[in-house]
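Participant: Spelled out from the first residue to the last, the chains are:
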Amino acid sequence: MTKQEMNGLGLPERPARFESVDEVLGNLASAGYLADATIASSVFLADRLAKPVLVEGPAGTGKTQLAKSVAEVTGARLIRLQCYEGLDESKAIYEWNYRKQLLRIQAGGNLAEAGSPGWSALEEDIFAEDFLLTRPLLEAIRSTEPVVLLIDEVDRVELETEALLLEVLSEYQISIPELGTLKAKQIPMVFLTSNNTRELSEALKRRCLYLHVGYPDLERERAIVSARVPGIGDALAGQVAQIVRSLRKLDLRKAPSVSETIDWARTLLVLGVNSIDEATVKETLHILLKYQTDIDRAAKELLTADL
Amino acid sequence: MIEQLSGFIAELRSAGIPISLTEHLDAARAITEIPMDRRAWFKAALSATLVKDGEHQGAFDAAFEVYFAAPNAGDDEAEEAQGEDGKTASSDEANQSQIDAEGKGSGKGSGRGNGGGGGSTMSAEELAEMLYRAVAKDERDSDATIAREGVSRYAGMEPGRAVGGTYYLYRTLRNLDLEGVIARLREEHQVAQSPSPLAAKLFSDELAFRGERIRKAIEREIRERLVKDRGAEALAKSVRKPLPEDIDVMHAGREELATLQRALYPLSRKLAARLQRKRRRGHKGPLDLRRTVRSSLSSGGVPIDPVFKHPRPAKPEMIVIADISGSVASFARFTLLLVYALSSQFSKVRSFVFIDNVDEVTEMFERASDPSEAIHRINTEADVVHLDGHSDYGRSLREFVAEWGDEITTRSTVLILGDARNNYHDTHLDSLAFIASKARKVFWLNPEPRQYWGSGDSVIKQYEPYCDAVVECRSIRQLEAFVGELA
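Residue numbers (my numbering), protein chains in the order written: chain W, 1 to 307; chain X, 308 to 794.
The following block holds chain X by itself, in its conformation from the complex (with noise of 0.2 Å):
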């Protein structure tokens, strides 16, 4: 059990999720307290030791669902239920002995011999009418069973491959046709009983939740197949998450996105709020003598409480320029949110938007109810297509310096975001120099790794020397360091 604690902590700080050896110790003592075959207790033991931040609450699942798999499918909701009001557990129990009695019947004939293809008990239409059921009537009990038979019959898993299962998931659910059977009782419903539109959107919302149970259960059992053919060492590298600060944001995938824009909030406010301290205290000014005298009258003249000026630091002004071409788009709208939900820290935030032509958008975002309603605008209303819609920097920063240039005050902080890779077209090195010169401090945020600067169409290197600071910016971790630094 330790040993295999120990492996597991090692994946976990693989994952990046720091952990201490104190926290080890801690994780050790708490198993020896917590009865292991209550898998519900034993994972939160865990993660109440382990995992200290809930951000990285995903890692941790991802990797505790390998390197603990259940013994068989379906175990947690059967105690949660337990957990929840001890007196239905016996009934629970009965069902779920019922289950494995089942399960080992049919693990037995497919699941052992040969990594889980072919062989099942169930014929097609009799696995298709208990997932309609299961669906229907909310039947939770059959959902190993489907899963066990679905996987068997339809993810046709090899041994040995090194995929991370999601494949598999795909093609079970695909042959299930999980989705099909919810509109089918979406349908239906309304057919039958043309509800309201709330009854219709509750039930709809419900439909979505059980199809969702059973496409956890599927990925159960997949997983488990695979833990069994590889090891959880293996398995755990290839289903590896990585926590939402660490995520590449140029090759973020949907759902990676939809984390991203998740942690952005909290991240968000809890930038604002260090600030906000930051400010405020500070450190003391010179001496105010003014008010030193005036409080010294009140002790016969003697200075005896000295006033100190409190320095007020002025609020920068942002001027933020983001490239919004394909390439580099989603890390664009990142750190406009991030700015835009900061603005408060700033004296004025003015943003411009280009891809070969530059466009205004302050107020597409001052006027929006939210900000993702802004940039769904930024995006369809923005004029910054010029010719062809590729990237031109130099024509970008041209138009912007004729436009707006007068703008530029010794209190404005330009912030530029973009690749530079510039399609091979003039760079107009004078007008970025000219924001330079009249700026305070010009920033240029890069999301894309150092090594490749410079390389190809890159024309980093040439902007590079009229920045302050060319800085690499892939993951809202650099972009939170950043940001801290600026305001």
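Isolated chain W (complex conformation) (with noise of 0.2 Å):
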């Protein structure tokens, strides 16, 4: 099967922008994202698939992180269409740049009425692309460089409007009716992000990659920590990776995020803290816990003798 039966949209040929997964982990890496080996291969997988990914997991694991890095390494620009409630097309795909047509109208001078040749030309030229207002997805799709577009927190628009993404989700064009269909000039890797508030509907799943970002192991979370946070002793890292997973396994209502982890260790290295005791989990347990009854469940389990 060629490339080009394999995108199977009469899409633009380009080049691979990875070699294998290994080199997506190194890539990642050297920008300071310590993938695993299922970021890794779902990111590949959407390079080669010319898929977007779909990635969904508790707040604060580094999803939109991930595009941006991916962005990075690929030498990409980032494209970021912030998802909301009430988000329309004129926001998220493109506009008539009316005010632009109305000026163009006037500076036609008094023109005869419709039917015309005149108006017919003057029609046709007020619905070209020049007076377009490109949105993220259509910016995404006409850029000739490389992009990354991420459509962030997906979940928060409606069911209705995620109507308006499967056309670009699945054969990267628009259709704007005026114009006809404007397709790619190049493929760009999408991620859509979503911290799983609703149900997304089956077509939208349908087209994407799935990932699930979910908490790091502890090597990985010492990793990131050591990584994220310049001058930490790998000591002290390894301190900060175990609370945090010992914190992840007891029934708390918000989980600490790999975030605040981060932030956390922050805090650490700016005491000028060697090594994790009672009196300092007690004093910064608030940076990792956001809730008062998790604080005091916490403080019971770890600070206090059970045996």
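Hints in this document: simulated from the structure, not taken from any laboratory. Built from N, CA and C at the ideal position, the CB exists for glycine as well. Hints are not guaranteed to be accurate.
To be verified - Simulated pairs of lysine-lysine, DSSO-like, Cα-Cα distance not exceeding 27 Å: (1) X:Lys523 to X:Lys577; (2) W:Lys205 to X:Lys548; (3) W:Lys300 to W:Lys254; (4) X:Lys548 to X:Lys577; (5) W:Lys185 to W:Lys100; (6) W:Lys205 to X:Lys577; (7) X:Lys577 to W:Lys290; (8) X:Lys523 to X:Lys544; (9) X:Lys444 to W:Lys249; (10) X:Lys655 to W:Lys249; (11) X:Lys622 to X:Lys745; (12) X:Lys523 to W:Lys249; (13) X:Lys577 to W:Lys91; (14) X:Lys548 to W:Lys249; (15) W:Lys185 to W:Lys91; (16) W:Lys254 to X:Lys577; (17) W:Lys282 to W:Lys300.
Claimed, not checked - What the simulated footprint calls covered on chain X by chain W, stretch by stretch (three residues with Cβ under 8 Å from a Cβ of chain W suffice, anywhere in the stretch; the number is not a length): (18) 352-362; (19) 501-512; (20) 572-581.
Two chains, two frames, a set of hints: combine them into the complex.
Facilitator: What follows is the structure, encoded as structure tokens:
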């Protein structure tokens, strides 16, 4: 099967962004993002299969950062569409620049009434690409340089609005009634993130690769802390990761996320802590946990002897 | 390969994971791009293309381990480590091949010959020593060997028996005494170092973690031998895990209940978001004349923008009456948790529990810091037993009407939870009729399969005419559908 048949979309040829999964891992690591095999494989496949990646998982585990880091290592521009309730076509895809159209009509002078050749020429003119205001999705498609498109928190839009994304995600094209279909000049890498506050539609999920980013295991968390908090010793990073792992095993309302772990490690560094003891944990626990009930429970479980 | 993939996908579908044709094709394309021998990548490729819901991952994992059993155990970890930082790869591989060589030796002796009974190359003491070292010193390389030896020696596997492997796992673990080793190490640590509480807790968690790793290695070893013995398809059927939303609440085991508990929170969040949206959007109501005229003033009295009223559907008031006797306790618990998680969607929630006496527990939910604590308090403190602790629906309903009957209003929705197994007591239909006449709606959620309704001491058929609906509600999926309709 040739590449052309593979992508099957009649889209332009492009060189692969990554040679192997190992290359993805290596490149992301050099950009300061420590992926695991699952994340790296999904990114690799997203490139090879020309499919968007739907990234789900708890808040603060680096979903958005993944897209940023991929953009960085592929040397692509990051285009970001932040989703919110009430997002519509004119904010996500394109809008006609009606002010400019109006100016054009006025500049055309006092034309004859509709139906005359002058008028239809003008009408064709004002519905040209020059009068189009591109929004993130259209911009990602029309860009000639490589881009990474990040559609952030896609679960915030209404179910109906999701449909707007489908054409872009599966065909990499956008149909504008007045202009026809605009095809992608290059295939962007697309990442959608979701905090899973609602079920996404089957249609959307079917078009995407699915990646669940959970909390990292002990070794990876330690590596992440070491990488993101320069100057922290190995021993301290190890201790941080260990305590956070123990915290996540408790039944808490909100388990500490990776970004909170990093914040905590930074705080410890600033405080000049070399080794974590009970008092330090007690004083700084509120950085990791955001509910008073959680803090109480964690203090009870971790800091009092139960043997 | 393509055939193996089809079999795998058929298995996933029977486990309840929806997989479309497109996704099947994607998976087939994906595995041509990924080298097969890197197992972690291969698994990631299949999971990314086939599983589109985090909740389904457990079912996927179970099936994957059976259909694509690793050629040698411990591969996963080695690869994982390799993945993390490419550099350690070479040394890891050296270790791995050493283990492989060892593994082949013993494999010939035991594994193949008789489906894994007897004939291991290590003595029991050597094995115990190795296990102790593996846990104490975190020697991961020996996990696979321990698993292989342990299973050969202790599991007593018999070819052809149609079991899922839990029994073998139990036997192996009991004889290896993994728990004992961990407890011993914990004690030694306590005595030798007299650590601070924090250090002790961390050490104990670390030990538990290492123990879990060894348990997984043993599980994998057993699964491999079972696959060899009975073939992937037969085994997949016996280890199949139901999706969290399909677990039968009444018959769930301890582990399944924990899964349900975890599934419940995201579910209630999703449901709340959906209800909120439904309420906010709604459709337009009738023309709002006053505001239309007011807005027409800005266009010289011409009503250009008609303004419509937004209908504000009243939030229902919920009265939940739950049977918490042994047979349906877990069901009542989940429903109460769900209703409280959604309490912002109702103007007021009041809850009552009963066995053969009824008691109000609303304030336990309101005062408790988290719902599980409330449930615990209900089980210990609520005054629900009158005589013998067998469900008595009739008496409970009568008491309810006598004590709280006046507080039911036309805005109340009454939700009765229970299997209506009345132990042949009087049904007191008039009490339910009274509730039905005063309340806006009365719903009955029954966790029993519909075909059992009305059999034996079940009186649901007699209660049914007084309810607006009696709903079979055995899984989270059904519960979600019902509550979604309700609010």
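Participant: For every hint, state whether the structure bears it out.
Facilitator: Outcome of the hint check:
The straight-line distance between the Cα atoms of X:Lys523 and X:Lys577 is roughly 33 Å, outside the 27 Å bound, and the hint therefore fails. Between W:Lys205 and X:Lys548, the direct Cα distance comes to roughly 23 Å. Compliance with the 27 Å bound is thereby established for this hinted pair. With a CA separation close to 16 Å, the supplied pair W:Lys300 and W:Lys254 stays within the 27 Å bound. Distance hint between X:Lys548 and X:Lys577 is fulfilled; the C-alpha atoms sit about 24 Å from each other, no more than 27 Å.
Proximity of W:Lys185 to W:Lys100 is assessed by CA-CA distance (about 26 Å); at most 27 Å being required, the pair is judged to hold. For the hint pairing W:Lys205 with X:Lys577, the CA-to-CA distance comes to about 17 Å; that is within 27 Å, so the pair holds. Under the criterion of a C-alpha separation no larger than 27 Å, the hint pairing X:Lys577 with W:Lys290 is consistent with the structure, at around 21 Å. Proposed proximity of X:Lys523 and X:Lys544 is supported: the alpha carbons are some 20 Å apart, at most 27 Å.
About 23 Å separates the Cα atoms of X:Lys444 and W:Lys249, which keeps this hinted pair within 27 Å; it holds. In summary, the hint linking X:Lys655 to W:Lys249 is not supported, as the alpha carbons are separated by about 34 Å, beyond the 27 Å threshold. Restraint check for X:Lys622 and X:Lys745: satisfied, since their Cα atoms lie roughly 17 Å apart, inside the 27 Å limit. The straight-line distance between the Cα atoms of X:Lys523 and W:Lys249 is roughly 18 Å, inside the 27 Å bound, and the hint therefore holds.
Between X:Lys577 and W:Lys91 the alpha-carbon distance is near 25 Å, which keeps this suggested pair within the 27 Å criterion. Restraint check for X:Lys548 and W:Lys249: satisfied, since their Cα atoms lie roughly 23 Å apart, inside the 27 Å limit. Our distance criterion of 27 Å between C-alpha atoms is met by W:Lys185 and W:Lys91, whose separation comes to about 21 Å. A C-alpha spacing of about 16 Å is found between W:Lys254 and X:Lys577, which places the hinted pair at or below 27 Å, so the restraint holds.
Proximity of W:Lys282 to W:Lys300 is assessed by CA-CA distance (about 10 Å); at most 27 Å being required, the pair is judged to hold. Under the rule that three or more residues need a Cβ within less than 8 Å of chain W, the assignment of the region 352-362 of chain X holds, with 8 such residues. Counting residues of the region 501-512 of chain X whose CB falls under 8 Å from any CB of chain W gives 7; the rule of at least 3 is met. With a cut-off of 8 Å between beta carbons, the region 572-581 of chain X has 5 residues touching chain W; three or more are needed, and the interface restraint holds.
In this structure, the earlier hints numbered 1 and 10 are contradicted, and the remaining ones agree with it.
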